[in-house]
Amino acid sequence: MKRAILAPTDLDNLIAVLSERGFEVLGPTLDSGVVTLSSIDSTADLPEGIRDEMSPGRYYIKATSDGELFGYAVGPTSLKPTLFPSRRQVWTTENTDQGIIFRSSVPDLRPVAVIGARPCDAAAMAVQDEALLGGPYIDTDYARRRRDLFLVVVNCTRPASTCFCASMGTGPAVSEGFDIALTELKLDTRHFFVAESGSERGQEVLDQLGLDPADPDDEELVRVALEVAADSMERTLDPVDAYSVLRAQPEHPYWETIVERCLTCANCTMVCPTCFCVTTEPVTSLGDESAGEERRWDSCFSLDYSFMGGSPVRETVESRYRQWLTHKLSTWFDQFGTSGCVGCGRCITWCPVGIDLTEEVRHLREQIDA
Amino acid sequence: MAKPSLAVWKFASCDGCQLSLLDLEDELLAVADGIDIAHFPEATTAHRGGPYDVSLVEGSITTPADLTRIQEIRAQSGMLVAIGACATTGGIQALRNLADIDEFVRVVYARPAYIQTLATSTAIADHVKVDLELAGCPINKYQLLEVVQALLVGRKPTLPTYSVCVECKERGTSCVMVADGVACLGPITRAGCGAICPAFARGCYGCFGPSESPNVDSLAAWWDELGVARPDLVRALRTFNVNAPQFKEASTRYAQE
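Protein chains in written order, with this note's numbering: chain A, 1 to 370; chain B, 1001 to 1257.
Be careful, since some hints might not be right.
Derived EDC-like pairs: lysine to aspartate or glutamate, alpha-carbon spacing no greater than 16 Å straight-line [unchecked claim]: (1) B:Lys1156 to A:Glu294; (2) B:Lys1248 to B:Glu1225; (3) B:Lys1248 to B:Asp1232; (4) B:Lys1141 to B:Asp1232; (5) B:Lys1003 to A:Glu293; (6) B:Lys1156 to A:Glu281; (7) A:Lys62 to B:Asp1217; (8) B:Lys1156 to A:Glu293.
Chain B residues, not near chain A, derived (Cβ > 12 Å throughout) [stated by the list, open to error]: (9) Lys1010; (10) Pro1064; (11) Met1079; (12) Asn1097; (13) Leu1132; (14) Gln1149; (15) Arg1171; (16) Thr1173; (17) Cys1175; (18) Asp1180; (19) Gly1186; (20) Ala1221; (21) Pro1231.
No lab work stands behind these hints: they were computed from the structure.
Glycine included, C-beta positions come from ideal geometry on N, C-alpha and C.
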C-alpha cells in the first residue's frame, strides 16, 4: 500500500470520518493517572505530551511539552475489555404459559473504532481470534465485536522498559490485523504521522481524508524510528526457548521459589491481553422468577478455577503460577500454534509485587542448565 | 409451598450488617414477599418462635451469655448464615484478644464487678456449625440479596473468595498501588465489596478479611519498599479482621520483629 502523510489536524478528520461512519471512537486518554482507553471526540482528548515509565510493579506518568500525542507505551487497558468484556450476560429465561423460554443475550452494540492500539494489542487480538474463533466453537459475542472493529494501530516509538515485543516478533511495528497503521514523528520543525492502510476499508477512509503521499525521506524516518525503538527494549524473551524450558521440568524445585512472591491475586491474567478464561455464574431474581447466566473473566490463579471432584486440583501457589506461565509460553503453542505472550509487559508492570516473567524464564533456564 | 422463615440475630456488633437487609430498598418488597420474616427486632416488634429455616447471625461472641445463646439459636435454625466481619472473624472488638481484658474493664467501667465478659471476641464458627459466611465490614447488601435469591431457588450462592484485584480489573479501576504507590491490602483481601475504596483512589483496608490464599509476607515486603513502616503495616492488618488467622499470625510476627 502507498503510504501517506497525516497531519495532527487530519487525525481530527479521521476521528470525525469514523464517527460519521457510525463508529464509537475509542482512544488513549489520561484517567486517574494512567493512560487508558475511552471514548474520544477529538485529538484534544488524547494524552498530549504524556510519557509512561514502567518497572516491575510500578507505573509513572510524566508530562512533557513536546506535543506528541502517542508518546507513551501501553497502559493497563488492552483491546481485551472492548472485544471480550469482563462481564456479560449470556442468556436469560422467562416464565410463560407455554413454559420456560430461553433467550440468548445479544446486546445492542455500536461498532467500535479504536485509534491508538499498539502493535502488541493487534498481535494479542490475533491470538484471541485463534482461541475464540479458530475452533469448532465460536464465541459469537466476540465474533460480532471483532467483525465490527475498525482498528487504527499507532506503532511504538517509545517502548517502556517492561516491553519486549521486539523479541516476540510482535512489534514495535504492526504487521497485520489493522485497518490503518500510523507512525508518529515529531521533529524540530514538523509533527506528522506516516499512515498506511491494512484493509480495503482502511484505504477507503484514508482516501476520504485526501492526504499527500509520503516521500521516501519520511519513510526512511519511520524505518529508523522503529529500528531505534526495537533496539531500545531492555527486556527480551526467546519464545522458542521458553517453549522447551517451561515443559522441561515441571517438578523442578525452582517453582517453589515463586511461593515467596506470588500473591495469587490474578492481576497478571486480568491485564494480559490474550488470557481468555471465563466462568459462568447463575443469576436468579426474586420477583418475576426470571433467571439467567452471566459470564465473567476467571483466572487460573483462583482456587475455584480448578475445582473438580470436590477440591481444587491446583491448590498450591506454585502449581497455579506454573500453570499460568507454562500455558502462556509453552502449551499455548500446542493448542493454538503460537505463543500466548505478545511481549506487552503488562503482567510485569501490573503485578503488585513486580514478578517479571522474562526473569522467571531466565532463572528457570539457568537452574536447569546448572 | 410455605415461605421459608427467617430470623435475624445480633451479638457484639454495630447493627450495620443486619441493616443491610433493610437497606435493600428496591428489592425489599420482593424479599418480604419471598420469605417470612419471623424474628428481626431492628425491623419489627412482631416475633414468632422457632424453629427457623434460616438464621442470619450478626456479631461476635464476647460474653458468657453469648455462649449459651448461640447454641440455642443454632438448635432452632435450619441454615445458619454468619454475616459480617464480627460474626466471621470476631470483628474490630477482637483487638481485645491481643490485650488484657481485665485492664480494659477496670479503665472503662466505674464498677467492674458488674461486668461479665469473655477475654476474647470470636467468630460464630468458633462455637457452632456455620453453613455460610458473608465477609465484610459491613457486608455487601447485594451479597446478602444473592444469598436470599439462591436459597429461594435452591442453588449455591455466588460468593467470591479470590482477591479484590479481580474486582478492580473487572470495573476498570487502575491499580492504586502500582500507579500511585498507595499501600493497598487488595491483593490479599477477599473480593465481594465491588472494590469500592480503590475506585476512590484509596488503598483497600481489608474489611472483607483474607482472600482464599493470601500471601501476606510478599505484600508486606512490597509495603516495605513503598516506605510503609512496620508498625503501620501491623495496624493495617489489625482492624476489622484482626482475629482472622492469616492476618493475626502475620501481624503477631511483624509486631515481635
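Violated constraints from the hint list, given by number and in increasing order: Those not satisfied are hints 2, 4, 5, 7, 14, 15, 16, 17, 18, 19 and 20.
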